[in-house]
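Asker: Please arrange chain B on chain A, whose structure you already have, making use of the hints.
Going line by line, the protein sequences match chains A and B.
Its first residue numbered 548, the first sequence is counted upward by one per residue in the numbering used here.
Its first residue numbered 548, the second sequence is counted upward by one per residue in the numbering used here.
Watch out, some of these pointers could steer you wrong.
The list treats identical chains as one, so a pair stands whether inside a single copy or across any two.
The list that follows gives simulated cross-link-like pairs (lysine-lysine, DSBU-like), each with its CA atoms no further than 35 Å apart [said to hold, decoys possible]: (1) Lys-804 with Lys-699; (2) Lys-818 with Lys-699; (3) Lys-818 with Lys-804; (4) Lys-699 with Lys-745.
Source of the hints: derived by calculation from the structure; they are not laboratory data.
Protein chains: 2
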Amino acid sequence: MELLEGILAGQTRAVARAISLIEDGEPEAEALADELFPHTGGATVIGVTGSPGSGKSSLVDRLIFRERARGRRVAVLAVDPSSPFSGGAMLGDRLRMQEHATDPGVFIRSMASRGTLGGVAAACGDVLKVLDAAGFQTIYLETIGVGQSEIKVVELADAVLLLLMPGAGDEIQVLKAGVMEIGDLFVINKCDLPGADKLRSEVEYVLSLKDQPQGGAADPVVLVSALSDEGIDTLEEALRAWLQEAQRSGALAERRKLRIRREIEGALSRKVHALLDAHIELPRQIEGWVERLYRRETAPYALVREQVGRLVKEWKR
Amino acid sequence: MELLEGILAGQTRAVARAISLIEDGEPEAEALADELFPHTGGATVIGVTGSPGSGKSSLVDRLIFRERARGRRVAVLAVDPSSPFSGGAMLGDRLRMQEHATDPGVFIRSMASRGTLGGVAAACGDVLKVLDAAGFQTIYLETIGVGQSEIKVVELADAVLLLLMPGAGDEIQVLKAGVMEIGDLFVINKCDLPGADKLRSEVEYVLSLKDQPQGGAADPVVLVSALSDEGIDTLEEALRAWLQEAQRSGALAERRKLRIRREIEGALSRKVHALLDAHIELPRQIEGWVERLYRRETAPYALVREQVGRLVKEWKR
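For reference, chain A alone in the conformation it holds in the complex:
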C-alpha cells in the first residue's frame, strides 16, 4: 500500500491524505490505522489546553522553534471539538502554517468536529497514529477551548499543559472541579499582566488540596510570557523533567494504557451500535413508537425497557 509507505517515509502529502481519510470517516481509515499501529509509540504527545485567548498557539510556536533548533520533527494538531464557530481558530492556524511553510520538519493541521464520524477523540487518536508513525517526535495536541469534549481530546496526550492567564475570571475558574484535573503542568501566560502572582498562589493552593501527588514536577506551576519569550526555557525544562519522572515511575505507561483502553471501549461501542441498528430494525420500528409517544399512549422509558427486554429474549433463544 503506497499510502502506508508514504506515511512511514514521513511524506507530508501522504500524511495529509491519511488524515483526510480519517476525518471523512472513510472505511479504509480503520485498516490504515491498524497497519500504522505497530509503528507507533515513538512520539511524545503534549496536550495544550486553556480558555480561548490564553495564548496556546503562541506558546506552542515558542516550543516548536526550540525543538526545531534541536533538529526534532514536530507536528501540531489543533482540534476544535465542540464548536462549529471555528472561523477564528482556523484563520490563526492558516497564519501559523505560513510561518512554518518552508520548514518540512513542521506539520500543522486543524481538525474540526463536523463530519467526523465516531467522535472527535477517536478520530484524533487515529490521526495521532499517523503523525507518530510518520516520525514526528513531538506532537502538540492543541484545543481551542476547554470544555468536556476538549478534555476527551487532551486525554490522548502524554502530558497536558493547562494555560491560564491573569484576569479573565480565571481565578474563580481555577477553583472549579474538573479543570485542575486536566493539567499536568499549569502555565500562567501573560505573566507581565497584573494578578499573575495572585493566580499562581491560587493555583498552588488548589493543588495543595489534592490527594494524589502531581506526577513528576517539583513545582507544576510556571509563569511565562509567550509574547516576550520569558519563562519558556523554564517551562521546557519543567516539561522535560515531568516526562522523565513519569517514564521512570511508570505513570506514562499507565496513561498510555488508559488511552488504549478508552480507544477499545469507544470502537467497541460504535461497532455494537451499528450491529444493533441492523438487529432491532430501528429504522422500520421507530416511526410507530414515535406516534404512540406523541399521542401519549405510552411513556419513553417504559417503551425502551420493553424493547430491550424483547431483544434479550431474542438473543437468548
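Answerer: Here is chain B on its own, set in the frame of chain A:
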C-alpha cells in the same frame, strides 16, 4: 407518590427536588419522568443560544417580564453542557434568580453537565418534562455557548433564537455551516453598535442561499437591544407568528416527534450499553486486551472486530 402530586400542583420545592433527582441520575428519575409524561405537551419551549456575551440572559429577562405581564408562568433552564468553566454563568443566574425571587410564577434553574449520567440532552429532556407537567407555559432553554453539545440541547426546543452581535467576528462565524441551521429566528442584539446593519445583510444573504423555507417567519432576522428594550416587542411578535405558522403547517408537530425519536434512540442506546457491559464482561477482559495492544501484539480495530464477531456468534447460538 407525593413528589408527582407536588409537581403537578406546580410546587417549586417539588419541581426543584425532581430536577435534582434527574441531575444526579437517580434510578427513580426514569419512573418519575414516565409518570409525568402524560401531563406534558402544554408548554412552549424556546431555545436561546449564541456566543458567550451575546446577551442571552438579558434578552430572556426582557421576554420574561412581558410574559409575566400577561400572567403566564415562565421557567428558565440555563444549560452549560460543554464547559466545566461555568463559574461566570452560574454567577449570572444567581443574580437573576434574586431579581425574580419574589415572583412564584418564575422558576430559574442552572444545569451543569458534571455528574449528569446519560448525556446532558437526555437529562434536559427529562427536566423539561418536569417543568412542562408543573404548568410552566413558556420554558426558555438557554445555553451558555454555541457548540455541538449546545446544539443537541436546543434541539429540544420548539423554536430557537440564535443571538448574534455586531463585531466579535460574528460576521465570519455566521457563514460557517452548522450555525445557521440551529436558528429559527436570528436576533441581532446590541443593535446600537456599529456593524449591526451589515451583520443583518450578511445573515439574510446566507439565509437566501438555503434551499428549504424558513418555517413561518416572513423575516427571521430581528434587530434588538436587550439593554434599552428596543426591538423586543417586534421580536416577541415575530416569535409568536413563527410559532403560529409552525403549528398551522405541522412543522411544530414534526419537530416534537423528532425530539421524541431522539429521546428513544438515546435511551435505547444507554440501556443496550449497560446490558452489553454485563454480557461481554468488559471489565474482566479489557486489562488483557490493553496489555496486548500496549505490546503492539495486535491492532485496535482488528481486536474489536474479532470481539464483536464472537458476540454475534454467541447471540445466534
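Asker: Could you check the structure against the hints above and give me the numbers of any it violates, in ascending order?
Answerer: none
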